[in-house]
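Model the full assembly from the supplied sequences, consistent with the hints where possible.
Here the sequence shown stands for residues 1 to 203, where the numbers follow the numbering used here.
Just so you know, the hints here were simulated from the structure itself, not pulled from any lab data. In this text, all values refer to a predicted model and were calculated from it rather than measured experimentally. Backbone N, C-alpha and C fix where the C-beta goes; we use that ideal spot for every residue, glycine too. Honestly, I wouldn't trust all of these hints.
What the hints assert, rightly or not - Lysine to aspartate or glutamate pairs mimicking EDC-like chemistry, simulated, CA-CA at most 16 Å apart:
{"#": "1", "residue 1": "K104", "residue 2": "D157"}
{"#": "2", "residue 1": "K179", "residue 2": "E150"}
{"#": "3", "residue 1": "K103", "residue 2": "E58"}
{"#": "4", "residue 1": "K143", "residue 2": "D100"}
{"#": "5", "residue 1": "K180", "residue 2": "D141"}
{"#": "6", "residue 1": "K103", "residue 2": "E145"}
{"#": "7", "residue 1": "K103", "residue 2": "D157"}
{"#": "8", "residue 1": "K179", "residue 2": "D141"}
{"#": "9", "residue 1": "K104", "residue 2": "E49"}
Claimed, not checked - Ranges between beta-carbon positions, derived for each pair:
{"#": "10", "residue 1": "L53", "residue 2": "F21", "range": "41 to 49 Å"}
{"#": "11", "residue 1": "K103", "residue 2": "G152", "range": "33 to 41 Å"}
{"#": "12", "residue 1": "Y112", "residue 2": "A50", "range": "46 to 54 Å"}
{"#": "13", "residue 1": "N99", "residue 2": "W174", "range": "24 to 32 Å"}
{"#": "14", "residue 1": "E145", "residue 2": "Q54", "range": "35 to 43 Å"}
{"#": "15", "residue 1": "P162", "residue 2": "E113", "range": "19 to 27 Å"}
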Amino acid sequence: MTPSRPSLLARFLQLKPAMRFVVVGVAILAGYFFLDDYCWSYARSWTAEANRLQALLERGALRGGPLRKDVERAAIAFGSVEIPESEAQTSETLALAVNDTMKKHRISLYGYEALSGGKLPNSAMTSLAGAGGRIERMRADVKFEAPADEVGQIVTDFEENPSIDAVNSIKLRWLESHKKVDVRISTEAWAIAGRESRKRGGS
Numbered sequence: 001m002t003p004s005r006p007s008l009l010a011r012f013l014q015l016k017p018a019m020r021f022v023v024v025g026v027a028i029l030a031g032y033f034f035l036d037d038y039c040w041s042y043a044r045s046w047t048a049e050a051n052r053l054q055a056l057l058e059r060g061a062l063r064g065g066p067l068r069k070d071v072e073r074a075a076i077a078f079g080s081v082e083i084p085e086s087e088a089q090t091s092e093t094l095a096l097a098v099n100d101t102m103k104k105h106r107i108s109l110y111g112y113e114a115l116s117g118g119k120l121p122n123s124a125m126t127s128l129a130g131a132g133g134r135i136e137r138m139r140a141d142v143k144f145e146a147p148a149d150e151v152g153q154i155v156t157d158f159e160e161n162p163s164i165d166a167v168n169s170i171k172l173r174w175l176e177s178h179k180k181v182d183v184r185i186s187t188e189a190w191a192i193a194g195r196e197s198r199k200r201g202g203s
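Encoded structure:
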């Protein structure tokens, strides 16, 4: 039979006092780093998240008063607020909005012309435009033919699309030969133009 090996405690007790002190110190440090990496780090992140949520709740409570009637009526009338994008993004999303509406109503042939809609006043939405920025109007004229019973829903889809800020004009003409309605809609979207963009395009 092979002699049994001494237990860890017995081997520890056989060490010199100085070595026992070193072993205990190493064990304490290892335990500290383990707790710091795997336990206390989670506790710190949870505490930070809890503090953030508490701050949000406190800010929400300060704003918990009832909405003014004019603000409530505007929210009901105009729906959610969409922050204007850059000119390139606005041009793309406006074209996609028109294309999606046409596709929804199975209209494959339609005319689309992108135009400059001019600028909004310097005072318009300055907090969104930022320093040196300005809100630009981008227009798209759409021309298509549709059955008479679908025209109303198509116009509604244009007006309710979040990528279209306004429908400026609608012209309808009955085409007896096609038994359809010739529809011309002028749509508008707003974009944020920076100082450099305005210099290139002229003031």
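Quick rundown of the hints versus the structure:
In summary, the hint linking K104 to D157 is supported, as the alpha carbons are separated by about 10 Å, within the 16 Å threshold. A C-alpha spacing of about 13 Å is found between K179 and E150, which places the hinted pair at or below 16 Å, so the restraint holds. The straight-line distance between the Cα atoms of K103 and E58 is roughly 46 Å, outside the 16 Å bound, and the hint therefore fails. For the suggested pair K143 and D100, the alpha carbons sit about 15 Å apart, so the restraint of at most 16 Å is met.
Among the hinted pairs, K180 with D141 is inconsistent with the structure: their alpha-carbon atoms are about 19 Å apart, more than 16 Å. Under the criterion of a C-alpha separation no larger than 16 Å, the hint pairing K103 with E145 is consistent with the structure, at around 13 Å. Distance check on the hinted pair: K103 and D157 sit about 12 Å apart at the alpha-carbon level, within 16 Å; holds. With a C-alpha separation of about 23 Å, the suggested pairing of K179 with D141 is violated against the 16 Å cut-off.
A C-alpha spacing of about 44 Å is found between K104 and E49, which places the hinted pair above 16 Å, so the restraint is violated. Between L53 and F21 the C-beta distance comes to about 46 Å, which sits within the given range of 41 to 49 Å. A hinted range of 33 to 41 Å is violated for the C-beta pair K103 and G152, which are about 18 Å apart. Y112 and A50 have their C-beta atoms about 52 Å apart, which keeps the hinted 46 to 54 Å range intact.
A hinted range of 24 to 32 Å holds for the C-beta pair N99 and W174, which are about 26 Å apart. For E145 and Q54, the Cβ-Cβ distance of about 59 Å falls outside the hinted range of 35 to 43 Å, so the restraint is violated. Between P162 and E113 the beta carbon distance is about 22 Å. The supplied range of 19 to 27 Å therefore holds.
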